[in-house]
Amino acid sequence: MNDKKCEQQIIDAAKKYLNGHPPEWKLFKGKKEYTADQILVALEKDPNFREWFVNNILTLSTELFIRGKK
Amino acid sequence: MKGIFVVPKFDDATFYSHLWNERMREQIGDRMEKELLLIEDAIRAKDEEALLRDPTAMHVHYDHGSEDAIYGNDLVPVIDLDNVSLLKGRTAYNMNCLSAKTLGKAAYKEGCLAYWGSITEVSFTSDAEEKFGEALNYGLLMVVEGKTWLEALQLARDKMTEIVDELVSQGNGLAAMLLREDRDALHCWGPGIETPTEECPVSRTIVSLFGYKTLQKLRIMRMKVKQHLSMS
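Residue numbers (numbering that gives the first Met the number 0), protein chains in the order written: chain A, 0 to 69; chain B, 0 to 231.
The hints are simulated quantities; they were obtained by calculation from the structure and are not laboratory data. Glycine residues also receive a C-beta, built at the ideal position from the N, C-alpha and C atoms. Treat the hints with caution; some may be incorrect.
What the hints assert, rightly or not - Part of the chain B face toward chain A, derived, beta carbon under 8 Å: (1) D11; (2) C96; (3) E120; (4) S122; (5) F123; (6) S125; (7) D126; (8) V167; (9) Q169; (10) L173; (11) A175; (12) M176; (13) R179; (14) E180; (15) A184; (16) H186.
This is chain B alone, in the form it adopts within the complex (with noise of 0.2 Å):
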């Protein structure tokens, strides 16, 4: 098993999640090839390279994220819904916001066989972080282990579970709520687990004709006319 690791580390929470990062590695150990594109190597175009290197690798990312982009360390998305086909044979982990929701979606219709990620903003406290990075790292550790993504998926949420109860047993219940809300956002799109449909009419037949990246293209653009009409 190989594995592409982009990591950035350009501010407070980049920090946080660039050690994590690290503890999983260690965690890892030999168990796993790794090829990383740290700090200021976690770019846009040495991640294409890198993926277009190995097809099969894995593509673990550890940085801020949105519905439909995962970051770089200049800021500029590594992966997004022009490039997510990089994805396609594949599997990918990601600890970052919100990038299961849309990206997720559109990498698993390209092909990508697991993509593991949050469909919320991802929370944690400093106090605590060391219990986050265990609890967002587990999944990874799980797969690495040899359980299907779906089994890995359980596990991580048990895991979590258990960790909000020994949040509010030590009496951090501030913790604990972000935890619960990190846990209930894990999502995985792959075998096993349901195939995505669009709820909304309309939208599955613009899939069906057009493709899923058009969905996108248009949800995008409806977004932009609601922000400007919002500020006018």
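In isolation and in its complexed conformation, chain A is listed as follows (with noise of 0.2 Å):
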């Protein structure tokens, strides 16, 4: 699989994961704070955020696949 085809399906799950949470739902980053919509926004528009959301959950996953975690 190439990068951006697991980039996308990265970009895909984190739609469904926040598809459904409440409107009061925020994640802070820094000075800036984001809805679940603002995130989707952010993901396809700002390359930057997309960047760091999309190493944020393989560097995860690589971490709890290196602790044995599922």
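Two chains, two frames, some hints: make the complex.
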């Protein structure tokens, strides 16, 4: 699987995951804050946010894999 | 042990940092004497006054930060590279973004005994705020219990790993992802922890000839020139 396809799979999974989060739910990142809908927009339109998000999911997945967690 | 607690509250993020600090103070109880600079009292003039009055008290800051400053309730830095020497001879616990990167390094070079903080932006989600608060408070609680700063750093990282696993098992992968990043961004400049050295030979020369503050000012100037060029 190439990088682009992998990235798209992660974004699609994130969209499913975020679907149904209540409007009052927020993610805080430094001085910025995002509702679930704003994260979906940022994943589509902000390459820096997308890169940060995808890298973070991959890093956590790798760590859990190494530590033998599901 | 005494601490000067600088804790603004003026937006949604600081609503949570203020809440976490409040919980921590409750947990610490009378094991630490506390001077409180909360909300409108959390400003530079009052912080400087408190620091000058008590030259050994720990400085505790919960709010927004940047690479070279930590902020007060009026968004003006309470500590930056111009008054960082006020941290000399004391320890500093920071629950703010980025300040361990440049300000922490400068503080340590100026004689701060231990500077705890993050080298990236701190991230969290509102649904798991209690867990993030627990994780980000843990280091100070360990210090109050008598651990060294180096021990507290390792224990805090272990605690955060435990909470990451808990969040994963609860199906909150997004919060787990952010807490993993917060954990890896924790840093403490202090005894037993490698003394910082500049990798770049030019930076090393500037530091040895003119001091660390000059290097930071040159870096800020370079950043402003780059920003100006990218806008024009």
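These are the hints, each one checked on the structure:
1. Interface restraint check: D11 of chain B against chain A, minimum CB-CB distance 6 Å, threshold 8 Å, status holds.
2. Annotation: interface hint on C96 of chain B holds; nearest CB of chain A at approximately 5 Å, less than 8 Å.
3. Nearest Cβ of chain A to the Cβ of E120 of chain B: about 3 Å, under the 8 Å cut. The hint holds.
4. For S122 of chain B, the suggested interface contact is upheld, since its CB lies about 4 Å from the closest CB of chain A, less than 8 Å.
5. Evaluation of the F123 of chain B hint against chain A yields a held restraint, the C-beta minimum of about 5 Å falling below 8 Å.
6. Hint status for S125 of chain B: holds, given a least beta-carbon distance of 5 Å to chain A, under 8 Å.
7. Interface restraint check for D126 of chain B: the shortest CB-CB distance to chain A comes to about 6 Å, inside 8 Å, so the restraint holds.
8. With a least beta-carbon distance of about 7 Å to chain A, the hint placing V167 of chain B at the interface is held under the 8 Å criterion.
9. About 13 Å separates the beta-carbon of Q169 of chain B from the nearest beta-carbon of chain A, more than 8 Å, and the hint is not met.
10. A distance limit of 8 Å between C-beta atoms decides the matter here; for L173 of chain B the minimum to chain A is near 7 Å, and the interface restraint holds.
11. Interface hint at A175 of chain B: satisfied, since its Cβ lies 6 Å from the closest Cβ of chain A, which is below the 8 Å cut-off.
12. The restraint placing M176 of chain B at the interface with chain A holds, with a minimum CB-CB distance near 5 Å, inside the 8 Å limit.
13. Because the closest C-beta pair between R179 of chain B and chain A is about 5 Å apart, less than 8 Å, the hint holds.
14. The interface hint given for E180 of chain B is met, as the beta carbon of that residue sits about 6 Å from the closest beta carbon of chain A, less than 8 Å.
15. The closest approach between the C-beta of A184 of chain B and any C-beta of chain A is roughly 11 Å, which is over the 8 Å cut-off, so the hint fails.
16. The beta carbon of H186 of chain B is not positioned within 8 Å of any beta carbon in chain A (closest approach about 16 Å), and the interface hint is therefore violated.
The structure does not agree with the numbered hints 9, 15, 16 stated previously, though it agrees with the rest.
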